[in-house]
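Start from chain V and add chain H according to the hints.
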Amino acid sequence: MSFISYLVNGISLGSVYAIIALGYTMVYGIAKMLNFAHGDVIMIGGYVAFLTVSGMGLPPVLGVLISMVVCTVLGVTIEKIAYKPLRMASPLAVLITAIGVSYLLQNIALLLFGASPKAFTSMVSVPAIVLADGQLTISGETIVTIVACIVIMIGLNLFIKKSKAGRAMLAVSEDKGAAQLMGINVNGTIALTFAIGSALAAIAGVLLCSAYPTLTPYTGSMPGIKAFVAAVFGGIGSIPGAFLGGILLGVIENLSKAYISSQMADAIVFGVLIVVLLVRPTGILGKNIREKV
Amino acid sequence: MKNKFNKQTKDNLITYGMVIAAFIIMQILLSMGKVSSLMEGLLVPLCTYVILAVSLNLTVGILGELSLGHAGFMCVGAFSSALFSKCTEATITNSGIRFFFAILVGAAVAAVFGILIGIPVLRLKGDYLAIVTLAFGEIIKNFINVVYLGRDSKGFHFSMKDTMSLNMEADGEVLIKGAQGITGTPNDSNFIVGIVLVLVTIFIITNLVNSRTGRAVMAIRDNRIAAESLGINITKYKLLAFSISASLAGVAGVLYAHNLSTLTALPKNFGYNMSIMILVFVVLGGIGNIRGSIIAAVILTLLPELLRGLNDYRMLIYAIVLIAMMLFNWSPKAIEVKEKISTKFRTSCKGKKEV
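Same order as they appear, the protein sequences are chains V and H.
If you're matching positions, the first sequence starts at 144 in the working numbering and goes up one per residue.
If you're matching positions, the second sequence starts at 20 in the working numbering and goes up one per residue.
Next comes chain V alone, as it looks inside the complex (with noise of 0.2 Å):
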């Protein structure tokens, strides 16, 4: 029963990892740069949804789309001030700008809220589920993120097949120069592609401060690295793969914590990401294109 419960909490885990992973992979995908300050927007939306709900006593859901919008408009500003003037620039200089901002959230938070780590009152109200005579607990946190990870999903996966606005993310990934010719609004597309990047990353923020309630100006730089990995894994700019990726990376990680040793337990995620890409160099479901001379 134990193992069973180890799992739940891993696949939850992993839900959070696998909604971080999609703001990662989707951006990577459309303008093929590592956005670094992701895990931060992700603080940001905590703080934003501690401040509304358990500072001004708004109601969770409210809280939750405050946040959502807040991230979202900062998102959009963010790729505005900082990324677009240099879509032309090499990759590295874009990267090194995204730790910039990465480094300037932190410390923006660090002097709104100070370093103190601030106790996150869940925002779920879900009662949790006892099972096989109380042997097995599922928290209403564990439930409420695994049906937001499998509702994002679809949602997403939808919007991208079906609407126009989505396919052109699609077209835009795939070739920019001839997207543009197709009349796609290139700019406008990597810039709706960061906002909803940025709502998940607040909807992400929301359920890991849920599920591990202390918020400081650091809680989103772990995960987000972690969320990276599971991009990788999976194959980054592929949607499904940052979904297996999320999911896989979070057992794993919640697994060997149980079983192996906690201090170690990064160390093995971070050594199985290794053997994939040994064995699967571009990730599980990631496009192998040949180089052509």
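Simulated from the structure, these hints should not be mistaken for lab results.
Note that this is a predicted model, so its numbers are computed, not measured.
Glycine included, C-beta positions come from ideal geometry on N, C-alpha and C.
Don't take each hint at face value.
Stated by the list, open to error - Derived CB-CB ranges, DEER-like:
hint	chain 1	residue 1	chain 2	residue 2	range
1	V	ASN330	H	ASN242	27 to 35 Å
2	H	MET37	V	ALA321	34 to 42 Å
3	V	LEU279	H	LEU325	54 to 62 Å
Frame of chain V, contents of chain H only:
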């Protein structure tokens, strides 16, 4: 024969001169007592960062691969050399000789790790390579945090659980204490040694770049397939450059470890944040430009300290400066504006001359 003294050599001499001049100025200021104790304590870390930046430039600038695990190699060098110094503290009493050997040990162990990690990693490309180097760096840091090593009359004892499970005799001494790291490393490094190591690093890298090997490495960077068709052994040269870079990072680790009495593997000093910080030095200084790396490392290390008066705002300003510098250096619009200004300036100068 004067042409022999070409642009490259001149460029290198300027770099050496710059470092030596900085050293002399610093020494004069030190002897006059004009340097605050805070700045004095920053001198050895400064040398460490310069070595790290210059060595990472070999991987990023010359080999053209993005590595985010440089701090991992530094960690390996730091711990292996600190262990060596602690073990031989009784047998080699001369601190200079001991430190010399410690440097060799740190560099060698880091180079071995560079080769071991390089063999699988260098098969990957671009962002995948970056994330795997990051993963290796984190694994090294995590592993060191759970290692326990002790020594007694029967030899070495190793454990991954705690001090008790080492099963040592009564005379035993714990050398590595898991998350508490190594304590009591002899304080052998100082500013002069640091500067000498910086000069040695620059010497190794610049000579490598201007050699046949260096040209082969750069050919691989520019076009792998073309280089391969010319008969260049890709794996060998990539691995060579990567392991040299790793071993120099190890040397930086040796310098770092012998400047502290307690050495622990924290996310702050050996985590990915450190690797990223070194990468920032390299990119901001100009990829492939060794002098740029040195200047960027010095300025960016001193900047938060110089801004200390602004307290809470200093890291905020650091971040804004970083973003602004990147936008100014790399955005096509900013480059256009810069070019316009410089051509205007040039034409106005010419105009004056003609008059």
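Verification of the supplied hints:
1. V:ASN330 - H:ASN242: 27 to 35 Å: 32 Å, holds
2. H:MET37 - V:ALA321: 34 to 42 Å: 48 Å, violated
3. V:LEU279 - H:LEU325: 54 to 62 Å: Hint holds: Cβ distance 58 Å, inside 54 to 62 Å.
Of the hints listed earlier, the one the structure fails to meet is number 2.
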